[in-house]
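Hey, can you work out the whole structure from these sequences and the hints?
Number of protein chains: 2
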Amino acid sequence: MNLAFKALSDGTRRDILRLLQSGDLNAGEIASHFEMSKPSISHHLNVLKQAKLVQAERQGQEIIYSLNATVMQEFLSAFLELFGVNDDEI
Amino acid sequence: MNLAFKALSDGTRRDILRLLQSGDLNAGEIASHFEMSKPSISHHLNVLKQAKLVQAERQGQEIIYSLNATVMQEFLSAFLELFGVNDDEI
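Chains as they are written, first to last, in our numbering: chain A, 20 to 109; chain B, 20 to 109.
Simulated from the structure, these hints should not be mistaken for laboratory data.
Bear in mind that the values here come from a model prediction, so they are computed numbers and not experimental data.
Don't take every hint at face value.
Since copy identity is lost for identical chains, a pair holds within one copy or between any two.
Claimed, not checked - With a Cα cut of at most 30 Å, we get these calculated DSSO-like pairs of lysine-lysine:
#1 Lys57 x Lys25
#2 Lys71 x Lys57
#3 Lys25 x Lys71
#4 Lys57 x Lys68
#5 Lys25 x Lys68
Okay, here's the thing in structure tokens:
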């Protein structure tokens, strides 16, 4: 949970998560949405991967990034509990 | 928002927020719930204050800590948007 919060403490990484809500993308497609070098985007993707918020899957020559729905759901539940919101209310 | 996520990336600070859900407390009362030095708790309270998740109010000789409900609500909304959950669903 610490890793997930740390991963979310950066605006670019939050933007990447928003972007992946619309569908899975490879690193180049993700990078094209940001005015930032590919190595920087690659670093952010690695932080998100380590926090398990995002998963990477090789498809042929490409690595496709997608949201890790299970971990995000668990994290959301833990977050809501922290804020005193009952999970069932969602 | 970065500060709030950083503040939440520590288990003790999350425990302090849970504790304050039950009511306002002074630093000594908060510290009594943790096996940790008062200066350490004081540091964690300062981080939470800087992130505006918690507010401190002097009452006579004491400083009373409470959740900053407005900021926490704003942060919760931003967080839910990030996870693609509609705010109205809560």
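Legend entry - Those earlier numbered hints the structure runs against, lowest number first: none
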